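Next come the chains, spelled out residue by residue.
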Amino acid sequence: MSRKWVISAATAAAALFIGLGAVQAADKKLVVGFSQIGSESGWRAAETKTAKAEADKRGIDLKISDAQQKQENQIKAVRSFVAQGVDAIFIAPVVATGWDSVLKEAKEAKIPVVLLDRQIETKDQSLYMTAVTSDTVHEGRVAGEWLAKQTGGKCAVVELQGTVGSSPAINRKKGFDEIVAKNPGMKIVRTQSGDFTRAKGKEVMESFIKAENGGKGICAVYAHNDDMAVGAIQAIKEAGLKPGKDILVVSIDGVPDIFKAMAEGEANATVELTPNMAGPAYDALIAFKKDGKAPPKWIQTESALFTPDTAKAEYERRKDAY
Amino acid sequence: MTLSAPGPARNLPQYGALIAVLLANWLLFPDFFAIRLQDGRLFGSLIDVLNRGAPVALLAVGMTMVIATRGVDLSVGAVMAISGAIAATMTGAGWSLPAVLAASLAAGLLCGLWNGVLVAVLRIQPIIATLILMVAGRGIAQLVTEGQIVTFTSPALAFIGSGSFLTVPMPVVLTIVVLAVTALLVRATALGLMIEAVGVNRLSSAGAGVNTPVVLVAVYVWCGLCAAVAGLIVTADIRGADANNAGLWLELDAILAVVVGGTSLLGGRFGLVLSVVGALIIQAMNTGILLSGFKPEFNLIVKAGVLLVVLLLQSPTLTLFLPRPKGARPIGTVKPPVAPTSGGAKP
Amino acid sequence: MTASTAPPSAPLLAIRGLSKAFLGVQALDGVDFTLRHGEIHALLGENGAGKSTLIKTLTGVYQRDNGTVALEGREIAPRGVEEAQRLHIGTVYQEVNLLPNLSVAENLFLGRQPMRWGLVDRGAMRRRARAVLQPYGLSVDVTAPLGRFSVATQQIIAIARAVDMSAKVLILDEPTASLDAQEVAVLFKVMRTLRSRGIGIVFVTHFLDQVYEVCDSITVLRNGRLVGERRTADLPRLDLVAMMLGRELEAAAHRIDLGPAEVDSRPPLASFKGFGKARSVEPFDLDIRPGEVVALAGLLGSGRTETVRLVFGMDRADRGEATVDGRAVRLKGPRDAVRLGFGFCPEDRKKEGIVGELSVRENIILALQARQGWLKPIPRRRQEEIADRFIRLLDIRTPDAERPIQLLSGGNQQKALLARWLATEPRLLILDEPTRGIDVGAHAEIIRLIERLCADGMALLVVSSELEEIVAYSRRVVVLRDRRHVAELRGGEVSVERIVAAIASETPNVAGSGAEVRQ
Ligand SMILES: Nc1ncnc2c1ncn2[C@@H]1O[C@H](COP(=O)(O)OP(=O)(O)OP(=O)(O)O)[C@@H](O)[C@H]1O
Ligand SMILES: [Mg+2]
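Residue numbers (the working numbering), protein chains in the order written: chain A, 1 to 322; chain B, 323 to 669; chain C, 670 to 1188.
There could be a bad hint or two in this list.
As the list claims (entries may be wrong) - Derived list of chain A stretches under chain B, where covered just means 3 residues or more per stretch with a C-beta under 8 Å from a C-beta of chain B:
#1 88-100
#2 184-192
#3 201-212
#4 225-233
#5 236-243
Claimed, not checked - Just a sample of chain A residues kept apart from chain B, beta carbon distances all over 12 Å, derived:
#6 Gly42
#7 Gly165
#8 Glu178
#9 Asp257
As the list claims (entries may be wrong) - Listing some non-contacts, in silico: residues in chain B with all C-beta distances to chain A over 10 Å:
#10 Leu344
#11 Ala346
#12 Gly366
#13 Leu432
#14 Pro477
#15 Val490
#16 Val495
#17 Ala505
#18 Ala510
#19 Leu630
#20 Ser637
Simulated from the structure, these hints should not be mistaken for lab results.
What you are looking at is a predicted structure, and each value in this text was computed from that prediction instead of being measured.
We treat Cβ as the ideally placed atom computed from N, Cα and C, and that holds for glycine.
The following block holds chain A by itself, in its conformation from the complex (with noise of 0.2 Å):
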């Protein structure tokens, strides 16, 4: 898609939140719908319960609908929001296609529409007003970067890749490989996938120890999420080695049970995936209401490092969020 098309699609969006913002009262009190897709994890849940103190925060009202992982809910939800004339519209989706119609509806209601933590697949960028979400080839960058910084170049890692074909784990893949690339010390000598859970991530980590001369040959263990890297430290204690010294550990997501076990000296870096999605989201929307300028189209969070020198205060820092 060419450059100039998607800038004029933007302009064009603008021009009509523009007029829309114009009739708004200013005074008056934000209502939100949010349709978020589940609970189907502790990262998710944590995103619901963030959106929901950052609305508290701004005095917006906040309307959550739960979608079961289910895009027939989604729609049903829009279409109710859009029926009760909110403000805005929150929608982390559930799948990247089929939105289209629907985002048509609320966009010939008025209803500025963003998109949390996924992106969607349409050809009319002008459905939504912004997405934020993260950069997950960045986030695999960041975690090579800090890996190859910390071995001097020089390591034979293990891979533990999440659900197949998943974007993160797709996009976690390639920012990482970028990395091992650019370093010739460097080499994933097994990868495999441990579809982002705990229980699988111990069992792959478990025969990549006996594959690798009893866990030897392994100088690193890259995880796709936090939870396969916990299932992982087991994996190595119980082989007898020390997990974060025997084999480094360094994963995606920053969830609290990371930060515990880098207390705890058995992990060695996380990078954070923000559970605050909502917040930027927010932000954008405000200034919009106020003065119309559009937000760009993509709103990327940050993509933070940690490591286990503030580990503990990260961990009490967020134990609540989730």
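With chain A held as given, fit chains B and C with the ligands onto it using these hints.
For chains B and C with the ligands alone, kept in the frame of chain A given last:
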């Protein structure tokens, strides 16, 4: 149709397949059979097969009897999640191990009772009846854990997952115990006969005075209990209850294990040990794939291919074309050791 | 009717040297069989002689090991029922194998539905279904699922289907087993019409009267071998029996000494007062005394089967009370009945009787085991003893007790079911069409056995369409009409004529009438 004539030849495909898969693993990974002691616990890839195969083997034990009654229990994965969630949450809240175990097993029992009543008393088709709990059960588990992964540090509960008894990992010990108790329960009593009778023909069995509702409820309750034990193991193993993922899709592996073990989905004759062998075949493949270093994209294809071969080996149409083992052809009125398989024996 | 192009000398169907072995059994061993145009040919033999196997091998259900089959001089080898149908051979198998979930009309035209514009023409199918059933005097709702009808009705539908398809050969494997006299007469009329059109009919039965009534020739099998073929007219009955059994039948079923006809004053073993169920059978009174044989007679659908199902708790009575040994009992299900010492051989042996995949041994001990409860398993050794004893006693033809019961011939399955209940030493045995499909030799054995058991105090409640049989062993006959007990004949009153008269008479009689006011 499985016209089961008991005899060694009937089990050949299962044991043969297990040995073949193990040998293939050995070829892919020469240290496959190497075993050493690590912290007083057996350690090695073969042990991994047994240890990781334990949850599905446990599910398969319960599932075998359900399937023998011409039923199926889709809820076992969800029941695992419930029992694990209860165990982790209660342990976190400071309850003692016996209380935690009792509560988890009771939950499994209740789930089984629910399924059994739907099937036996309300006469809902098993696949639908247990689908209810398959869907709702995971929700219940999520309610218990409030959508998070509930972790615990109690070494007592963790022992069930990663401890050992006489160097044998606890999950393996528990599986053997459950298998032995189950086998004793059905074969040393007349329960096995009644389960098979109900599975082959519920009406005829009821007409002969068999208490069919009680038999049905009993097998679902037992299946729920087995699932609860499996859930405890999985939770104890990762020291946390993951309501979203614990036991996810394992009901399908369990059903597969039972079928690979040679028990027909049409009910009737069942073999508990063979179902466990089926579970081990599946796990040996999983472990082999992990050790092999194939790309993960191939996992499912490799698995499906091997399973196809195992199931084909059991197909009645195909066995007709295979050479019979020597001496298997019966003479006069000698008991036929091979399942007689005449094309479409029913008119 | 297809014109035959073969030389007139070629028989319609010529089977030569047909052999078929199952594991452990040579079911057919070099059998010859010839069917001519326009003849009804009886295929006879003891249970397990190989009659059904001959038919299934001929129609391609089983693949033959050896031998040839020629249809009008041309060799055929159908590989399945469908192919046989295409060759204009219509078959009714011993076990009705239609689809209970489909409607009557769909069953009649399965695989050959009338089509219009690529769709099944339901209207035409319904009309033609009614037309096909019309000669049998069967006016049923052809859109209702088949499973809703009695075994007899299903049997007629299966016959009608086969007749409608058989332009050359019609094969009937024990079609009359569940039919009553009237329906048998209708069937015979249809068969004679077909014969006059040149169609050849193979007819398997254990009723020798029927053989002599319609059949032109007879082929007898014994132990899978051909004994011989005769013209019916040239073969006296006793010779036929000798051919089938390979020996003389000692003292055919004789009339049991039933004692005096006066009312029995002993207390009844089981007694039913105002027992009944809405839409099933009107409330009735019934007393059964130890050692007594009570028969239920009546047309099909008159409520005979319904009565015995209520007595055994297979169906639940919604009114009236039951007492056993003078004490009120509940009959909520078969389990209650089994605990009271009742036993029941149902009419539909495949659906409600045998447990097909289990062995003969397991089938025989099942009721006994169920009564003892699962906690007290019968030791394997004892199971084998029981099974072997009854296999010998009832002459159940099976290579061994471990064979799955579904592989036994129909008559032998029936005997194994009888063994199941005899093994429980019941106080009251209920038999719904007990001698269905059982050969003459075994028939006599079973009646002798019943006699002995009754002498030991067992009571018997029998449903049977065979009036001679009823008269032969019953002390009391309850006659039913229109789901109502209309008459009771005792001792000396019991005769075929009196029973027929009671079935036909219009005036409602004693039994049951008292119960109606009671509720
Ligand atoms: N599918 C099968 N597998 C093994 N044995 C079989 C099978 N079908 C029939 N038999 C055996 O073949 C023999 C002949 O059986 P068949 O059913 O032909 O007897 P039949 O003459 O029809 O007897 P009946 O009068 O009782 O119906 C019996 O011993 C039976 O056990
Ligand atoms: Mg037969």
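Taking a Cβ-to-Cβ distance below 8 Å as contact, does the stretch 184-192 of chain A have at least three residues touching chain B? holds (count 3)
So is Asp257 (chain A) really clear of chain B, every C-beta pair being over 12 Å apart? violated (6 Å)
Please verify that the nearest CB of chain A lies beyond 10 Å from Leu344 (chain B)'s CB. holds (15 Å)
Would you assess whether Ser637 (chain B), listed as outside the interface, keeps its beta-carbon beyond 10 Å of every beta-carbon in chain A? holds (30 Å)
Beyond 10 Å from every Cβ of chain A: is that where the Cβ of Val490 (chain B) lies? holds (15 Å)
Is the Cβ of Gly366 (chain B) farther than 10 Å from every Cβ of chain A? violated (7 Å)
Can you take a look at whether the stretch 225-233 of chain A is actually covered by chain B? Rule is 3+ residues, C-beta closer than 8 Å. holds (count 3)
Check on Ala510 (chain B) being off the interface with chain A, judged by Cβ distance over 10 Å: holds (35 Å)
Distance rule for Gly42 (chain A), whose beta carbon must clear each one in chain B by more than 12 Å: violated (5 Å)
Between the stretch 236-243 of chain A and chain B, see if three or more residues pass the 8 Å beta-carbon test, and mark the coverage as holds or violated. holds (count 3)
Minimum Cβ separation between Glu178 (chain A) and chain B greater than 12 Å? holds (19 Å)
Run the C-beta distances from Ala346 (chain B) to all of chain A and say if the shortest one exceeds 10 Å. holds (15 Å)
When the structure is compared with the earlier hints, violations turn up for hints 1, 6, 7, 9 and 12 and for no others.
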